[in-house]
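J.: Given the coordinates of chain A, work out where chains B and C should sit on it, guided by the hints.
Residue numbers (the numbering used here), protein chains in the order written: chain A, 7 to 267; chain B, 19 to 217; chain C, 19 to 217.
Keep in mind that the hints were calculated from the coordinates and are not lab data.
Just so you know, these numbers come straight off a predicted model, no measurement behind them.
A virtual CB, placed ideally from N, CA and C, is assigned to each residue, including glycine.
Careful: at least some of the hints might be erroneous.
Just so you have them, the derived chain B footprint on chain C, three or more residues with Cβ under 8 Å [said to hold, decoys possible]:
hint	region
1	27-35
2	71-79
Result set (DMTMM-like, lysine to aspartate or glutamate): computed pairs, CA atoms no more than 20 Å apart in a straight line [what the hints assert, rightly or not]:
hint	chain 1	residue 1	chain 2	residue 2
3	C	Lys150	A	Asp214
4	C	Lys150	C	Glu169
5	B	Lys141	B	Glu128
6	C	Lys150	A	Glu247
7	A	Lys103	A	Glu124
8	C	Lys141	C	Glu128
9	C	Lys150	A	Glu211
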Amino acid sequence: MDSADTLPLAKVGGEPYTRFPVDLYIPPDALEVFLEAFEGPLDLLLYLIQRQNLDIRDIPIADITRQYMDYLALMQELRLELAAEYLVMAAWLAEIKSRLLLPRPPAAEAEETDPRAELVRRLQEYERFQQAARALDALPRMERDVFAACAEPAQRDVTRLPPPVQLADLLDALRGVLARAELFSSHYIRRETLSVRERMTQVLERLDALRFTLFTALFRPAEGRMGVVVTFMAVLELLREGLLELVQAEPFAPIHVRRRG
Amino acid sequence: MPELKIILEALLLAAGEPLTLERLLELFPDEQRPERTVLRAALTELAADYGGRGLELVEVASGFRLQVPAAFAPWVSRLWEERASRYSRALLETLALIAYRQPITRGEIEEVRGVSVSSGIMKTLQERGWIKVIGHREAPGRPALYATTREFLDYFNLGSLGELPPLAAPRDLDAMGAALAAPTAQFPASSPQTEFPDV
Amino acid sequence: MPELKIILEALLLAAGEPLTLERLLELFPDEQRPERTVLRAALTELAADYGGRGLELVEVASGFRLQVPAAFAPWVSRLWEERASRYSRALLETLALIAYRQPITRGEIEEVRGVSVSSGIMKTLQERGWIKVIGHREAPGRPALYATTREFLDYFNLGSLGELPPLAAPRDLDAMGAALAAPTAQFPASSPQTEFPDV
Numbered sequence: 007m008d009s010a011d012t013l014p015l016a017k018v019g020g021e022p023y024t025r026f027p028v029d030l031y032i033p034p035d036a037l038e039v040f041l042e043a044f045e046g047p048l049d050l051l052l053y054l055i056q057r058q059n060l061d062i063r064d065i066p067i068a069d070i071t072r073q074y075m076d077y078l079a080l081m082q083e084l085r086l087e088l089a090a091e092y093l094v095m096a097a098w099l100a101e102i103k104s105r106l107l108l109p110r111p112p113a114a115e116a117e118e119t120d121p122r123a124e125l126v127r128r129l130q131e132y133e134r135f136q137q138a139a140r141a142l143d144a145l146p147r148m149e150r151d152v153f154a155a156c157a158e159p160a161q162r163d164v165t166r167l168p169p170p171v172q173l174a175d176l177l178d179a180l181r182g183v184l185a186r187a188e189l190f191s192s193h194y195i196r197r198e199t200l201s202v203r204e205r206m207t208q209v210l211e212r213l214d215a216l217r218f219t220l221f222t223a224l225f226r227p228a229e230g231r232m233g234v235v236v237t238f239m240a241v242l243e244l245l246r247e248g249l250l251e252l253v254q255a256e257p258f259a260p261i262h263v264r265r266r267g
Numbered sequence: 019m020p021e022l023k024i025i026l027e028a029l030l031l032a033a034g035e036p037l038t039l040e041r042l043l044e045l046f047p048d049e050q051r052p053e054r055t056v057l058r059a060a061l062t063e064l065a066a067d068y069g070g071r072g073l074e075l076v077e078v079a080s081g082f083r084l085q086v087p088a089a090f091a092p093w094v095s096r097l098w099e100e101r102a103s104r105y106s107r108a109l110l111e112t113l114a115l116i117a118y119r120q121p122i123t124r125g126e127i128e129e130v131r132g133v134s135v136s137s138g139i140m141k142t143l144q145e146r147g148w149i150k151v152i153g154h155r156e157a158p159g160r161p162a163l164y165a166t167t168r169e170f171l172d173y174f175n176l177g178s179l180g181e182l183p184p185l186a187a188p189r190d191l192d193a194m195g196a197a198l199a200a201p202t203a204q205f206p207a208s209s210p211q212t213e214f215p216d217v
Numbered sequence: 019m020p021e022l023k024i025i026l027e028a029l030l031l032a033a034g035e036p037l038t039l040e041r042l043l044e045l046f047p048d049e050q051r052p053e054r055t056v057l058r059a060a061l062t063e064l065a066a067d068y069g070g071r072g073l074e075l076v077e078v079a080s081g082f083r084l085q086v087p088a089a090f091a092p093w094v095s096r097l098w099e100e101r102a103s104r105y106s107r108a109l110l111e112t113l114a115l116i117a118y119r120q121p122i123t124r125g126e127i128e129e130v131r132g133v134s135v136s137s138g139i140m141k142t143l144q145e146r147g148w149i150k151v152i153g154h155r156e157a158p159g160r161p162a163l164y165a166t167t168r169e170f171l172d173y174f175n176l177g178s179l180g181e182l183p184p185l186a187a188p189r190d191l192d193a194m195g196a197a198l199a200a201p202t203a204q205f206p207a208s209s210p211q212t213e214f215p216d217v
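Isolated chain A (complex conformation) (with noise of 0.2 Å):
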């Protein structure tokens, strides 16, 4: 861009620019850049409305239309790939343009909406959105703003939550078990009820293998007469296992029991 003197920048309608618009203020090295960093047509319209302080709802149509033409015709010329919206505006703001300029009947001019108003209402909308998108950007956020504080326990264990485990499955593995055990004759399987295991585990844990527990003491007759009997199965279970000593001073004195070991 050194001969940015002599050599046109761009040619609008057949006319040759060799000067930039008279509203930038860019430095040529920087046009490039500048001009790349429009999001659209909205975005330029709304930067050349804002640099010359005009409310949107008042638009000098045909000014901002010249302008618009310019900075499109520069990016042309500098071939930066122009979306095809730009154009698509170009060929719109002509049309206001051109509907502005026809007179309207003097009936007609109260109903008639203005041209501009699709425009408005879009560039307003457009607008809206670029504040927030500036009111997102100052929030504070991670990583550049705030930081997630965090420090190593100095110990880390992974606790291994024990499998679930469901009736049928232990079941299951009690059919297998029992199958296979049927397949040696020699081992039978006795079948008490589990009342009287359950009595039997019960029994164990009450008596101490150091002192003696009356007999009469293990019985309670508030569990009724079923309960009396499995306490008793239990109990002759316990010492045919050798697991009870049972221990009478002499005939008819109170029996006594201790666990064994």
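T.: Just chains B and C now, kept in the frame of chain A:
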């Protein structure tokens, strides 16, 4: 057993990410588990302890987080100069539209911005975990509907979408229409909210 | 500008990894950079601030780091707990035998299963709180007698062992297994004789 708020401090520091009240409660064995209100009170107390310190307790969308306050950015940002990413205006505008107008299609974003949205931007936003497709509009081509995520709120220190900075109100279009009908009418100068820095 | 030790706190918390004295110094702009001795003193001061808190400052091989003290492991380690997939068949068979044949020695379990029972299984079942040693058999080596616990009953929603599915002939068990697999299957109400208050 240490004081409840101190255990919470340890948990939040070790986690390094937001933890919900429920998650915090889960971390206590059944017999130690505090009441929700007690836990909340302990968190409030903890937050107060950090006045003037290098960390603060905040509640974001995904729960409670301990973080280094923005006041320390001048020093901390030097830790990871490459990490502090700047986002383009195009990306921020797209994100703003999705945040304020969700659920929204790509076509609707393009309509407001007046320019097509690059696939790169949508991809970046999705990879960052800030937006996601939450459905499709029943229209030709069934375009995807985008919405922001919990991670988006967390990242921008927001508890909910309601905490987003308010969107400027659209100017009264009826009044404007009337004014436009009279070509000579003068509008007041644009309000300061439309003041922009140079591009 | 915040106090030096507070900036260091912020830096170490944001880093989440050890930082050397040199690295810490680098993070200050030239004109702010403290003397090494001043930095060390500030670190010492900072370390003292953490007495009774959920974090501590330690010097490790690769520098200074803030960490959550080991005392908080009981809570903190729950952050990363994971569920093991499932129990082995050997464990379930062992548990079933203890449940149905209690009190029982390890030797007796092995005799029925036809294979040895690993110590790991017995340990796991004890740690899970499902079995316990309730005595020893008067036999060479005084083998431990195992029984199930109240936790075992609670876990399987049983009021007593009597509510376990009855130990029927192996052939009947097939039918019973099928019934158990069907979610709507109802167990027959337990007979009154099996209902016991705690002994």
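J.: Are the hints correct? Go through all of them and say.
T.: Here's how the hints hold up against the structure:
Given a C-beta distance limit of less than 8 Å, the hint that chain B covers the region 27-35 of chain C holds, as 7 residues qualify and 3 suffice. Proximity of the region 71-79 of chain C to chain B, defined as three or more residues with a beta carbon under 8 Å from a beta carbon of that chain, is established by the 3 residues found. Annotation: proposed proximity of C:Lys150 to A:Asp214 holds, straight-line Cα distance about 16 Å (limit 20 Å). Between C:Lys150 and C:Glu169, the direct Cα distance comes to roughly 11 Å. Compliance with the 20 Å bound is thereby established for this hinted pair.
The hinted pair formed by B:Lys141 and B:Glu128 meets the criterion: a straight-line CA distance of about 16 Å does not exceed 20 Å. A C-alpha spacing of about 19 Å is found between C:Lys150 and A:Glu247, which places the hinted pair at or below 20 Å, so the restraint holds. Pair hint A:Lys103 plus A:Glu124 holds up; C-alpha atoms about 13 Å apart against a cutoff of 20 Å. Distance restraint check for C:Lys141 and C:Glu128: the Cα-Cα separation of roughly 16 Å lies within the 20 Å cut-off, and the hinted pair is therefore satisfied.
Straight-line distance between C-alpha atoms of C:Lys150 and A:Glu211 comes to about 11 Å, which keeps the hinted pair within the 20 Å bound.
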